[in-house]
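Novice: Order-wise, the sequence lines are chains A, B, C and D. Here UniProt numbering is used: the first residue of the first sequence is 1, the next is one more, and so on. Here UniProt numbering is used: the first residue of the second sequence is 1, the next is one more, and so on. Here UniProt numbering is used: the first residue of the third sequence is 1, the next is one more, and so on. Here UniProt numbering is used: the first residue of the fourth sequence is 1, the next is one more, and so on.
Each hint should be verified, as a subset may be incorrect.
Identical chains share a label here; the pair holds if one copy fits it or two copies do between them.
Once the Cα atoms are required to be at most 30 Å apart in a straight line, the calculated DSSO-like pairs of lysine-lysine come out as [unchecked claim]:
no., residue 1, residue 2
1, K32, K366
2, K51, K331
3, K139, K335
4, K56, K248
5, K331, K97
6, K292, K120
7, K7, K292
8, K248, K82
9, K56, K24
10, K356, K248
11, K244, K362
12, K82, K244
13, K97, K32
14, K97, K24
15, K339, K185
16, K10, K331
17, K82, K331
18, K169, K24
19, K19, K185
To be clear, the hints were calculated from the coordinates, so they are not data collected in a lab.
Chain by chain, the residues:
There are 4 protein chains.
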Amino acid sequence: MRAIVVKPPKPGVEIKDVKIDEDKLSTIGLVKVKVLENGICGTDREIVSGKRTSVKPPAGKDELILGHEAIGVIEVGGYGLKEGELVMPINKRGCGKCLNCLVGRPDFCETGEGLVAGTKGLDGFMREYLYDDPKYLVKIPPEIKDIAILAQPLADIEKSIEAILITQKRVPIWTCDDSTFNCRKALVVGTGPTGILFSLVLRTYGFQVWIANRRELLENEVEILEESGIIFYNSAGGYENLVKNVGKFDLIIDTSGASASIIQHLVPLLQINGVLGLFGFPRYDAFSLDYKTVQDFVINNRIIIGLDNGQKPHFQQALIHLASWKSLWPKTTSKMITKIISINNEREVISSLREKLPGEIKVKIKWE
Amino acid sequence: MRAIVVKPPKPGVEIKDVKIDEDKLSTIGLVKVKVLENGICGTDREIVSGKRTSVKPPAGKDELILGHEAIGVIEVGGYGLKEGELVMPINKRGCGKCLNCLVGRPDFCETGEGLVAGTKGLDGFMREYLYDDPKYLVKIPPEIKDIAILAQPLADIEKSIEAILITQKRVPIWTCDDSTFNCRKALVVGTGPTGILFSLVLRTYGFQVWIANRRELLENEVEILEESGIIFYNSAGGYENLVKNVGKFDLIIDTSGASASIIQHLVPLLQINGVLGLFGFPRYDAFSLDYKTVQDFVINNRIIIGLDNGQKPHFQQALIHLASWKSLWPKTTSKMITKIISINNEREVISSLREKLPGEIKVKIKWE
Amino acid sequence: MRAIVVKPPKPGVEIKDVKIDEDKLSTIGLVKVKVLENGICGTDREIVSGKRTSVKPPAGKDELILGHEAIGVIEVGGYGLKEGELVMPINKRGCGKCLNCLVGRPDFCETGEGLVAGTKGLDGFMREYLYDDPKYLVKIPPEIKDIAILAQPLADIEKSIEAILITQKRVPIWTCDDSTFNCRKALVVGTGPTGILFSLVLRTYGFQVWIANRRELLENEVEILEESGIIFYNSAGGYENLVKNVGKFDLIIDTSGASASIIQHLVPLLQINGVLGLFGFPRYDAFSLDYKTVQDFVINNRIIIGLDNGQKPHFQQALIHLASWKSLWPKTTSKMITKIISINNEREVISSLREKLPGEIKVKIKWE
Amino acid sequence: MRAIVVKPPKPGVEIKDVKIDEDKLSTIGLVKVKVLENGICGTDREIVSGKRTSVKPPAGKDELILGHEAIGVIEVGGYGLKEGELVMPINKRGCGKCLNCLVGRPDFCETGEGLVAGTKGLDGFMREYLYDDPKYLVKIPPEIKDIAILAQPLADIEKSIEAILITQKRVPIWTCDDSTFNCRKALVVGTGPTGILFSLVLRTYGFQVWIANRRELLENEVEILEESGIIFYNSAGGYENLVKNVGKFDLIIDTSGASASIIQHLVPLLQINGVLGLFGFPRYDAFSLDYKTVQDFVINNRIIIGLDNGQKPHFQQALIHLASWKSLWPKTTSKMITKIISINNEREVISSLREKLPGEIKVKIKWE
């Protein structure tokens with residue numbers, strides 16, 4: 001079948017025929033999924049560019065099928081899944097050994113031996129067909145099929161917020177005097193898809209949300225953020241003005257994925273009992289905090305937390321949230337998919353895997 | 001202004017002019033809300049029939065304005081609420097003394113001195129205007145205004161499920177091997193609005209859901225339950241057949257509000273580590289459990305839990321869920337409001353407050 | 001080797017030689033434990049009397065070695081256990097299948113296939129030697145060896161209180177205004193070893209504790225309860241006087257193990273948001289609650305919870321508590337072991353397994 | 001009355017007569033406490049040396065009574081406290097405004113206006129008498145009076161571990177396959193009283209514990225750590241050897257209070273899902289982490305958490321733990337109080353407030 005293939009660590013990507021053991025379905029417990037569409041993510045482009053050094057093909061191979069965002073339709077069902085149902089495969093798979101993987105939470109895998117489709121030891125989803133275990137397939141409601149591809153990146157964010165809210169249970173009362181989060185201020189750094197999705201979920205949880213970038217927003221970004229009441233701040237001149245006007249932040253999420261040095265600018269913006277969530281990877285540089293900032297961090301019960309990967313419950317939560325946004329914020333949801341490319345338009349597929357266009361939120365590849 | 005008024009414990013109800021201290025807005029912290037619509041609930045009818053003995057007018061009065069479900073529009077705003085915004089008032093108000101009320105959770109008020117609009121010591125919402133504290137007003141997204149009146153009864157259910165899920169944290173792993181609730185079976189007893197809403201929320205959380213009544217479903221009820229995959233069981237002949245085919249239940253919710261004796265039929269249906277949630281009030285009779293059933297209850301870590309009232313975070317969660325249902329289950333949501341009556345159609349308003357029509361889910365009174 | 005053996009469901013008990021496969025140690029992962037002492041518990045006597053119908057010998061056998069409370073010394077060590085170390089075996093063993101058993105919590109086993117030494121499908125600990133898996137052996141600090149046998153019954157109670165405290169997290173604030181439990185009132189029904197241990201743990205957690213029985217306390221019971229400030233109430237005339245003087249209870253634990261009807265007398269004593277914990281088995285009769293009591297139960301967020309079995313973390317917690325009591329309440333701890341019988345005094349061992357003596361708290365059998 | 005007094009920010013300390021409004025007891029809700037003993041802590045010495053810049057006398061005064069560790073006896077009781085009872089005052093007091101303070105948890109005060117006896121805006125406990133609110137007095141069991149002064153520093157540690165364990169609930173299973181913490185490895189950096197107490201509590205919770213310092217242990221330190229199985233590591237040559245032999249750590253606590261740069265050496269020692277707890281204040285320098293370490297931190301779900309202050313429940317927990325240690329580790333507890341100085345021995349009191357002696361764990365001042 002056709003698939004989008006990389007040969008890490010070499011840069012480059014191609015669409016080519018690959019052989020998949022066609023009798024895999026005889027393996028107990030698998031169903032056959034025809035892939036309908038894939039989402040392209042920054043990680044894919046990093047792999048294609050050869051910059052992501054941690055990427056690994058399946059054991060014994062030098063090629064890797066790319067892609068960790070996909071929607072497909074069941075062609076040969078079973079085990080509770082019926083022909084014609086829409087599904088999304090989950091990218092992170094368990095090690096089969098540690099307790100977290102046994103209870104369905106490979107995102108906290110302790111052995112480090114869990115595989116990740118499209119990036120770490122397991123072929124990805126950019127191909128005509130999958131043969132997969134229903135445990136790792138999430139049913140997609142047809143009513144929101146147009147935006148459902150967002151459920152994969154959103155699942156990571158749902159898990160992140162779950163982790164943060166559990167962490168904040170250490171504070172006896174972190175809710176407001178009406179028991180909501182309406183008085184809590186969150187700052188999301190970065191206006192890429194991840195920053196936008198984080199902001200939307202935080203709004204859904206009732207937080208006041210500021211989103212920051214070091215440039216002005218493009219027009220479509222403005223429209224996406226408007227409906228849900230997210231406030232934009234241009235941080236090109238630093239955060240002083242923001243703090244002067246708004247105060248410190250109970251929750252800060254860094255999605256910038258650029259210089260690690262941003263962390264030293266964000267820690268001092270934290271409110272008492274505040275949390276700095278690190279999501280995504282800084283690409284260069286370092287950060288430094290002096291002893292006075294550390295003292296302040298300690299005396300004010302602050303936390304820095306690493307955030308990663310969602311699992312099946314987070315995919316399902318993501319779908320509920322996407323469905324609610326479709327009703328509540330129709331303009332926002334209608335602008336999140338910025339481009340749909342046919343797999344037959346090979347040149348544009350390859351080009352989209354190489355480069356992000358200005359104003360892009362999410363690009364989908366359509367298999368037909 | 002006009003209002004719908006009762007004189008408990010006398011049966012009866014009338015629409016009449018009432019005097020409200022018009023300079024209340026000078027009180028610090030209040031806004032003025034023009035009521036747009038009210039929902040009618042079984043509790044209202046019980047009060048009108050004179051059967052609900054616990055109902056109390058405000059201190060020093062013998063009249064009570066009815067109603068605890070309302071949507072209004074801000075006429076005089078302030079404190080974060082702007083003219084023209086839609087809001088829903090919360091019915092349960094804090095005692096101002098106990099810690100739970102201080103942190104915004106009068107649903108767990110410890111003094112028992114909290115008031116409840118329309119039923120206990122506080123005038124209700126069936127009237128032209130409210131002067132209220134924004135702390136007790138929930139913003140309603142205009143996009144779901146048509147079904148938003150359901151957020152009040154749904155808030156009670158959101159709180160109930162929150163309470164149950166916290167309670168089940170006593171079981172180290174109550175999720176399935178994919179960390180979802182997809183393998184868990186819930187039985188909801190009663191097909192009134194509460195039973196339906198409970199079933200829909202449990203589906204949203206990923207549970208398998210059966211709903212039971214001692215009669216066949218009406219056509220509109222069938223249509224409401226179909227889309228979300230809720231399975232109906234006619235319990236006229238008992239629950240034996242159900243358990244034989246489906247097994248025992250991890251979660252059972254009684255919303256029947258009839259004979260207390262049903263409890264003795266439900267407890268033996270509980271799975272190991274299972275929960276029986278009692279929501280709403282039985283009206284007569286008693287239940288009895290023999291020592292062997294109690295032994296079984298103890299050795300299998302079961303729980304019976306009383307469920308009541310939601311607060312602001314539950315109203316907000318209810319709105320998110322309603323919005324998601326509008327996308328996911330459009331047929332269901334379009335059939336939940338079974339009738340809209342103009343306040344000017346006095347005869348039908350009174351008649352609707354007296355009697356539930358067959359097939360009714362939710363009836364709204366429209367102020368105009 | 002010698003062992004204390006029953007043949008359920010026949011009444012009776014004997015000390016006799018039994019054959020145990022002596023090369024069991026070659027099985028990977030086992031150590032050899034020489035039993036030093038056993039505790040006698042009410043369950044043992046029920047089995048001996050033939051009244052406990054649920055007791056089962058190991059599969060394919062008609063004899064069962066009795067006993068689920070033991071302390072032993074490692075004779076052949078390994079896997080982190082050294083010769084000479086004191087250990088206590090855990091009675092409840094996992095099914096090896098369900099997630100709760102996989103994470104070390106067979107007390108919430110979902111398959112119902114877990115075994116229990118001395119009562120359900122597994123030989124007990126009243127014998128010269130055990131060959132056991134270190135996962136099920138708890139290290140006993142020699143410093144508290146004299147009272148350590150109490151760690152087994154106490155473990156069940158530690159787990160029960162853990163389950164209750166998690167359950168009460170559903171109440172946003174169940175602690176007092178100093179964040180302790182010092183204002184919370186607990187009533188423990190029953191003054192047997194279980195009732196006493198429950199009361200002591202609740203005191204340790206800071207609760208005010210009343211303990212009730214329908215007779216006056218014996219002198220040694222008075223002395224045991226005095227030091228820790230537990231207050232005795234004679235409930236022969238009902239609970240009216242208690243409630244009149246003390247008010248309702250936030251937590252009630254029934255350890256009486258007699259008539260199930262007591263439950264209907266205890267439910268109305270519950271405070272708002274209160275919990276009734278059922279520990280141990282009622283032996284006869286039934287309880288009945290009328291619809292008004294159920295209404296009250298619902299509107300006040302109450303809970304009835306079945307409590308059972310502790311696992312390794314609860315045994316370890318029990319040992320810490322016993323050690324603290326030895327310092328804090330030396331008189332109490334010195335009076336908990338009311339008799340020590342040599343295994344060689346066969347007549348008295350058998351007689352103690354048949355009948356509880358007045359004033360008995362815990363009787364130990366000593367192997368020598 | 002006599003008191004030990006400082007005039008921050010000036011260095012120095014003196015024992016002198018101070019005037020306290022003697023009719024304070026007429027204030028509703030206070031009791032009179034005669035101070036029996038004080039503990040000296042590193043913070044006291046920092047204040048005396050003039051190095052702690054954050055210290056503040058009560059509003060409008062330039063003198064501050066020193067001391068935040070004390071045991072006293074009730075002289076004029078009331079409100080549940082009786083004459084002759086032993087009590088320990090809590091140092092951190094609520095702001096009276098924020099929700100955390102209202103529920104008894106000033107350690108998470110959000111306004112920053114809470115006061116701390118002996119360091120921030122409130123006179124400390126090194127004086128003949130206190131007039132205090134029973135809400136802030138913890139009953140001390142006479143049986144452990146000799147070591148009870150340790151409950152104050154220990155309370156901070158109990159709170160810290162509580163915060164960490166709640167935080168780790170984000171990991172579905174952070175316990176071992178027997179549901180204990182016995183497989184988890186903790187590293188405590190620093191062998192001062194705080195490091196030792198942290199290690200002892202972690203042992204009590206079942207962790208494997210290593211304690212590190214950049215020098216060899218003194219003889220009395222060896223004896224204190226031996227009984228409870230804490231393993232010492234000399235980190236003068238870095239942590240490489242430790243990790244090579246033992247592996248990475250699930251939990252690392254820094255109590256060193258010296259250079260902030262140590263943090264950059266500790267972060268890379270964290271296991272997957274691991275926590276770095278910062279307790280106490282670094283005094284100089286900074287730490288720096290490069291982007292690769294941050295990537296690793298993110299992908300492995302790690303956390304850095306600031307730890308501070310305990311409140312009443314933590315004092316009570318500390319007393320239970322001290323009582324258990326007295327039974328379990330008698331040699332350890334007998335060596336924790338390294339010196340007792342009479343207040344009348346003015347020269348030695350002052351000298352002890354100036355300088356820590358080699359081998360000192362806890363020095364007590366005795367009032368007589």
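Novice: Regarding K51 and K331, is the shortest C-alpha distance of 30 Å or less found within a copy, between copies, in both, or in neither?
Specialist: neither (35 Å within a copy, 49 Å between copies)
Novice: Since the copies are identical, ignore which copy is meant and state whether K10 and K331 lie within 30 Å (CA to CA) inside a copy, between copies, both or neither.
Specialist: Neither way: K10 and K331 sit 40 Å apart in one copy and 52 Å across, limit 30 Å.
Novice: Give the relationship of K97 and K32 under a CA distance limit of 30 Å: within one copy only, between copies only, both, or neither.
Specialist: Both ways: K97 and K32 sit 26 Å apart in one copy and 28 Å across, limit 30 Å.
Novice: For K248 vs K82, is the C-alpha pair at or below 30 Å within one copy, between two copies, both, or neither?
Specialist: For K248 and K82, only the inter-copy Cα distance (25 Å) is at most 30 Å; the intra-copy one is 51 Å.
Novice: If the cut is 30 Å between Cα atoms, do K169 and K24 qualify within a copy, between copies, both or neither?
Specialist: neither (45 Å within a copy, 38 Å between copies)
Novice: Between the shortest in-copy and the shortest cross-copy C-alpha distance, which are at most 30 Å for K339 and K185: within, between, both, or neither?
Specialist: neither (33 Å within a copy, 41 Å between copies)
Novice: If the cutoff is 30 Å on CA atoms, where do K82 and K331 land: within, between, both or neither? Let me know, please.
Specialist: between (33 Å within a copy, 22 Å between copies)
Novice: Can you tell me if K19 and K185 fall within 30 Å by alpha carbon in one copy, between copies, both or neither?
Specialist: neither (51 Å within a copy, 41 Å between copies)
Novice: Using 30 Å as the alpha-carbon threshold, which applies to K139 and K335: within, between, both, or neither?
Specialist: both (23 Å within a copy, 25 Å between copies)
Novice: State whether the alpha carbon distance between K7 and K292 is at most 30 Å within one copy, between copies, both, or neither.
Specialist: between (47 Å within a copy, 23 Å between copies)
Novice: Cα distance capped at 30 Å. Does K244 pair with K362 within a copy, between copies, both, or neither?
Specialist: So K244 and K362 fail the 30 Å test inside a copy (34 Å) and across (45 Å) alike.
Novice: With identical chains, the pair K331 and K97 could be close in the same copy or across copies; at 30 Å between alpha carbons, which is it: within, between, both, or neither?
Specialist: Neither: 45 Å inside a chain and 41 Å across chains, both beyond 30 Å.
The structure does not agree with the numbered hints 2, 5, 10, 11, 15, 16, 18, 19 stated previously, though it agrees with the rest.
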